[in-house]
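Peer 1: The chain contents come next:
There are 6 protein chains.
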Amino acid sequence: MPSEDPLLVVTAHPGDFVWRAGGAIALATQRGRRAVIACLSFGERGESASLWRKGLSLDEVKAIRREEGEKAANALGAEVVFFDAGDYPLTETPELMRALIDLYRRLQPSVVLTHAAQDPYNIDHPAAREIALKARILAQAPGVPGEGEVIGAPPVFCFEPHQPEMCGFHPDVLLDITPVWERKLAAMHSLGAQGHLVEYYTDLGRRRGVQAKRNSGPNLGLPVDAYAEAYQRIYPQVTTELD
Amino acid sequence: MPSEDPLLVVTAHPGDFVWRAGGAIALATQRGRRAVIACLSFGERGESASLWRKGLSLDEVKAIRREEGEKAANALGAEVVFFDAGDYPLTETPELMRALIDLYRRLQPSVVLTHAAQDPYNIDHPAAREIALKARILAQAPGVPGEGEVIGAPPVFCFEPHQPEMCGFHPDVLLDITPVWERKLAAMHSLGAQGHLVEYYTDLGRRRGVQAKRNSGPNLGLPVDAYAEAYQRIYPQVTTELD
Amino acid sequence: MPSEDPLLVVTAHPGDFVWRAGGAIALATQRGRRAVIACLSFGERGESASLWRKGLSLDEVKAIRREEGEKAANALGAEVVFFDAGDYPLTETPELMRALIDLYRRLQPSVVLTHAAQDPYNIDHPAAREIALKARILAQAPGVPGEGEVIGAPPVFCFEPHQPEMCGFHPDVLLDITPVWERKLAAMHSLGAQGHLVEYYTDLGRRRGVQAKRNSGPNLGLPVDAYAEAYQRIYPQVTTELD
Amino acid sequence: MPSEDPLLVVTAHPGDFVWRAGGAIALATQRGRRAVIACLSFGERGESASLWRKGLSLDEVKAIRREEGEKAANALGAEVVFFDAGDYPLTETPELMRALIDLYRRLQPSVVLTHAAQDPYNIDHPAAREIALKARILAQAPGVPGEGEVIGAPPVFCFEPHQPEMCGFHPDVLLDITPVWERKLAAMHSLGAQGHLVEYYTDLGRRRGVQAKRNSGPNLGLPVDAYAEAYQRIYPQVTTELD
Amino acid sequence: MPSEDPLLVVTAHPGDFVWRAGGAIALATQRGRRAVIACLSFGERGESASLWRKGLSLDEVKAIRREEGEKAANALGAEVVFFDAGDYPLTETPELMRALIDLYRRLQPSVVLTHAAQDPYNIDHPAAREIALKARILAQAPGVPGEGEVIGAPPVFCFEPHQPEMCGFHPDVLLDITPVWERKLAAMHSLGAQGHLVEYYTDLGRRRGVQAKRNSGPNLGLPVDAYAEAYQRIYPQVTTELD
Amino acid sequence: MPSEDPLLVVTAHPGDFVWRAGGAIALATQRGRRAVIACLSFGERGESASLWRKGLSLDEVKAIRREEGEKAANALGAEVVFFDAGDYPLTETPELMRALIDLYRRLQPSVVLTHAAQDPYNIDHPAAREIALKARILAQAPGVPGEGEVIGAPPVFCFEPHQPEMCGFHPDVLLDITPVWERKLAAMHSLGAQGHLVEYYTDLGRRRGVQAKRNSGPNLGLPVDAYAEAYQRIYPQVTTELD
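Chains as they are written, first to last, in the working numbering: chain G, 1252 to 1494; chain B, 1252 to 1494; chain A, 1252 to 1494; chain F, 1252 to 1494; chain Y, 1252 to 1494; chain R, 1252 to 1494.
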C-alpha cells in the first residue's frame, strides 16, 4: 500500500474536508494517490442547523449528512470512513482511538491533514486535531497494541479554519489547486446543508490564489487567476533542496 | 542566466556563509546551479578577534579575511562578491543598496539566503538581513532606477544563527546536506581565524541531521548519520503538492 | 428578557467576580441591565485557606462562602447562581454543562465575562473558562438539546487574573469604573475570608485608572483619580464607528 | 476644530488609504466628521509599475498619482495632503517630521489610522507607520517646538495590509462599512493604476463582512451581506461600557 | 526534612530524568541535597521500542525499565519512586493525583523539575507536566485532603525536550554541570534500551556549555569545555540581587 | 576596578533610573558595589512638561533636570554621567556611541540595566536601549577602536516600563528591594518635575512585592509587606545551581 503514497485527512465533520482541504484531496487523487478521509462525526449537532430547523430527527440528520459527505468524497475521488463518534461535543474514547490507530497502521499515510490548534467558534475542531495527532503518535510505537506495522513520521498539515486569524492559523504553505478547482467546486455544491458557504470559500480560493501568485517565482508558472488553499505545518519540512 | 537557477546568499561577514549555509551552497553548486555570495563586509572588526590580538593592521586583517572567504567560497563551488561596507557596525548606505539592487537584477536569483531577524550577540547580522530584504523589494519595482530587468519574488530562507533560540529563529526547514558534508567541512577548515567553531558546527550538523531523520518519512531515505542545516522561511512556501 | 441586555459572568469561585469584575457588574446594574453570576463552585477548597485553618468542616466552609458571595452579589446589584460543582479541582461534567447551557439560553446574555486562558497559580480558573466558552458554543447550536432559544454570538471579555503577566493576559480594554467604585469596594469588604486582598485590588483599580486616563482622548472626560478594570477580548470587536 | 472630531489617516502611498481605510474614511465624513489624509509620498516608484512600463517620467508618474489620489479622497469626502517625501524608500527627515507634528497639532485628531507594524512585501509601509507614531508622540510634548497646542492621546488603528497574516496583523476590530460601500467602490475605481485590485478588495470587504456578522450580537443589526474593514488597535480601548 | 533542601523531579518515563535533568540531579546530591524522582510510568510502551522488537512481554519490559531507572537514579545519587500509572497514553487519575500530592507534602521540595509545555513528538510529556503542576497547586491548599503540611511555592523549571524548538522551549537558564558530567554520563550509559542517545545528549551538553560560557561573566569562571543543561522557568525568579 | 562588581544603568532620561531601577541601584551601592548611571539626555523635552508650561528656556530646563538627577543619584549612592545627547528624539550618533563604548570598557560592568524593547508611549526609551545594547556588543570586540580592555558578557536586565503590558515587558525576575525602599522613596521625591508619579510607583513597588512573596519559597524569607522591582532578562541566566 505504501506505493500509493496515501493521504489521510482527519476531520471532525463532513463539511471540513470539503471547504478546507478539498483541493488537496482532489490533487492527490488526480495524481493516482489514494486519499482516505477519517470523518469522526456526521456534524449532526454542530454543523446541521438548517436540518434541525426543519424538525428532522437525529437519525435523519445523520443519514443526510452521511449521504452528503459520501457524495462530496466521491466528487474528490476519495474514500470516506465515518467513525460516528458524536459531535458537539466530540469526545475522545479508547474505542475511537483504537480504531484510528488501526487506520493509521493499515493505511501507512505519507501525509496527514487535520484541523488547526484552536478554534474559538467550534469546540470539535481542536478536539479532532488532538485525536488525530495523538493517534498518529501512538501508531508509531511498537509497544502500543494493534494490528499491522507501526507507522513512520508522516508530515502533518493543518488546513485553514473558517476565521483563520482567530484560530492562530498561520499560512505557511500555499497549495496551487487551480487544476482541480472544478472538482472542489462540485464537492462544495454537494453539501446541501451549508450551501451559503460556497461563495465564501470561492472568494477564499481566489484570495489565496492571488497570494500564491505573489509569493512564487516564475518556475511554478502559476496562472493569474489561480486558486489555492492555505496550510500550516506542524513539523519542520525536511527536504533535499531549498526552493 | 535564469536557466542557472541561481542561489544568492547575503551575509554580513565571511564566516556566516560557511558555518550557517555552507551545505546549501555546496548542494546547489553540485547540482549545477550558480551560487553567488554577497558578503557585505570582511568581518574585520567583529569577527576577527584573534587577528587583532596578534597586532595586525586593519588592512592586513581585511586581506586575510578576504583570502579565507575566497578559499571557503571556492571549496563550496561558489563565487563571492565583497562589498567592503565596513562592519561593527555594518551600515546601510545608498551606494551599498544600489550595488546590491544591481546584483539582484543581474543575477535574477531563484532563491535568497540571509540572516535571521534578530541577534542579541551581533549587531551586523540583523543589519545585513534588513539590507538584503530591502534591496530585494527595491529590485522588484520598475520605478527604482538601475540596470537590468526587475526581479520576481524569489523565496527567502534565513540560515541558523549561532544561538538560535536567542534570535527568534524557528527551524521550519531541515535541509539534508549529507551528500556535501565533506565540502562544508573543507570550507569550515579554510577559515583559520575561527577554527574553534568547527567542532561546534559539526555537532550542530549532526544534531539537525538526527532531527531531519526523525521528521521525515521513508521516501526521502535519509541515512541514520545524516547531516542537515536548519532554515526558516520568511514567505509562505508555494507548492503544487503537499509532501 | 433580551430587552434587559443581560450580563453573564462565569467564575470558578465567589471571590473572582468581586475582585476582577465587580466594577463591570456594578456599572451594568446601575444602568438597569440585569447581571447574573454563574459561580461554578464555592471556592471551598482552593480559596478558603483561612477558614480551613480555623478547623471548619466542608459544609461550614461552603455555607460561609455562599453567604459571602450572596452579600457581594447583592452589593453589586447582581444575582448569583451557585452550581456547587466542587473546586480544586473544578471538573467539567455533563450535568454542569447542561445546566450552564440552559442558563445561557434562558438569559440570552448580550455580554459574557469569564477567566483568562491560563493561570499557573490556580487550576480552576482556566477550567471555568473552558466550561464557560464551551457552553456558550453549545448553546448556539439548534442540534444541542435543551429548552429555550439558541443564543447569538455575545462578545466575551476575560477579566484580569491576580498576576496578569503570568497568565498571558493582555489588557485590551480599560473600563472606567469610577462611578461605581464605592460599590465595588463594598462588595470587596463583604468577602471576609480574603480581606487582605482589598488593598491589592484598590491599588490595581487606581493603576488601571491612571492607564485609562493616559490612553483616552478628552471626549471620555475621565477624572484624574479614575478607577478602572482591565479586560481582554476573545473575539474581535464589531462596531459601526472607530473611536 | 476639535468639535469636528477629526480623523487623521497617515499613509505611505495614495492607494493605501483607499484599499485599506476607504470605508472608515467615508463613514466618518458621512457623519459630518472631518477626515484628513496625510499621504507621505505619491507611491511614484513602488506603487506605479504600470505607469513606468508605459515609459512615463518621474514627474508624469507623480502627477497622475496625485490626480488619482485627489479623486479618490474626493469620492470619500476627505482632504488629502501630499508630503512628497519620496518612496521606495520612504525616509524620515526632520522636515517631514516637523510638518507632520504641525498637522497633528493643527488638526487635533480624535482618531488616527495608519499602517501595521510589519510588511515583508513593502518597505514603505512600516516606515510610514513609524513616522506617524513618532510624530504623534512628539506632538504631545510641550518641549517639542512647533505651533499650536499639544495633542492628547488619540487612539490609533492599523488598517489591514495586503497579505495580513504575513504582516503580524491581527484583526481586533471589524468595522461595518455597509452604509458607505458604494463610496468606497467609487474611490477604488478612481485608482486607474491599480485597477486589478478592486476585485481583491471587494472580496475582502465581503469576507470581513461575513466575519463581522458572525461576531456580533443582534443589537448591531448587521445585514447578511454586510461589508466590513478590519483594524488592529495599538493602544487599549478605553470605554465606559463593555459591549 | 526541609533542611535537606530537596529537589523533586516529575517525569513521564525513566529516560527523561537522565537525558534532560541528570546534571541538575547530580549537582544537587553532590551538594548534600536530597533528590527524589517521581517517575510516573516505566515508559513501557512509548520509550521501549527495542525491547518490544525483541518480543518481550509487558511485564518483562516494565521490569527491565525499572531496573535501568533505578541504576540511573543510583548513578545520580537520587531516589526514584515509580508510580506505574501506565504510558502511551499516560492519564491523570484521582489515585495518581493523590499519591503525588502526598509526595509533595511529605518531601516539601524547594525546587521542582518537570517537562516543557508542549511536545508534538510525545503525548506523555505534556501530560506528566500537567499532572506535576496540578499536584503542586493542590498540595498548597489546606482545603485539599491529605496528610502532612501544605507546601509553599517552590520554583519550577522545565528541562529541555528532545527537539526543543518544536516544543516551545526557550532556554532561560543554563546550568553549569561540568563538575558532575561524568556522573551524568554514567547514568546515561545505564539506560540500555536507548543507548543511541548518549552521543546526541553529549553533543547537547557541550553545545549548551559553549553557550553558558558565552553568556556568563568572568565571575562564574566556567571552563572552556564546559557542559551545561538548559532550563526554562515557569514562575518569575525571586531574588535579592541582580546577577 | 572589576573588584567593585560595578552596575551600569543606561537610561534615556533622569526619571527612568529612579522610577524603574532605583531599588536595584540602592541595593548594589548598599552592598559596596559601584553604580554608574549613563543618562543619555536630560529628558528636557519629553519628560519635563511641567517646566515648559512654566515658560522656562531649554537651558533652564536642562539645568533643573540635571540637578534633580544628581540629587536622585546621590540618594541612591550612585554616580550619574550625563551625555546630553538630546531627547525627543534621542538619536544615535558616532560620538555618543564612542563615549558609551569607552565607559563600558573603563567600568567593566558586571551587570547592565536598560529599557525594555518597545514603548508605544515614548520614542526615546527603545532608542536608548538600542544604543546601550549596541555599545555593549561593540565594546566586546578587539577590532573596535577605543581605550581600555574589551569587556566580557555582562548580563543585561530590562527594567519595568510605565505601562509594562503595552511594551512587551514580561517580568522574569522580581528583585526584593525592601531593605532599600526608603532610599528609593527619597530618590523619587527628589524628582520635583514629576512628583505625581511617586504614588504610582509606590503602589507598583508594593504590587511587585506581593508577587515576589507569592512566588518565593521560605528560604528567601520575604516579609509580608515586601517591596520589589520587576526585571526582564535579555540573555539566559547562567548559574551553578537551580533555585
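Think of the hints as simulated: they come from the structure by calculation, not from any bench.
Since the model is a prediction, treat every value here as computed from it, not as a measurement.
By construction, the Cβ of each residue, glycine as well, lies at the ideal position given by its N, Cα and C atoms.
Hints may contain errors.
[Claimed, not checked] Sample of chain F residues facing chain A (criterion: CB under 8 angstroms; computed from the structure):
(1) VAL1362
(2) TYR1372
(3) ALA1404
(4) HIS1447
(5) TYR1451
Peer 1: Against this structure, judge whether each hint is valid.
Peer 2: Hints versus structure:
no., hint, result
1, VAL1362, "holds, 5 angstroms"
2, TYR1372, "violated, 24 angstroms"
3, ALA1404, "holds, 6 angstroms"
4, HIS1447, "violated, 28 angstroms"
5, TYR1451, "violated, 21 angstroms"
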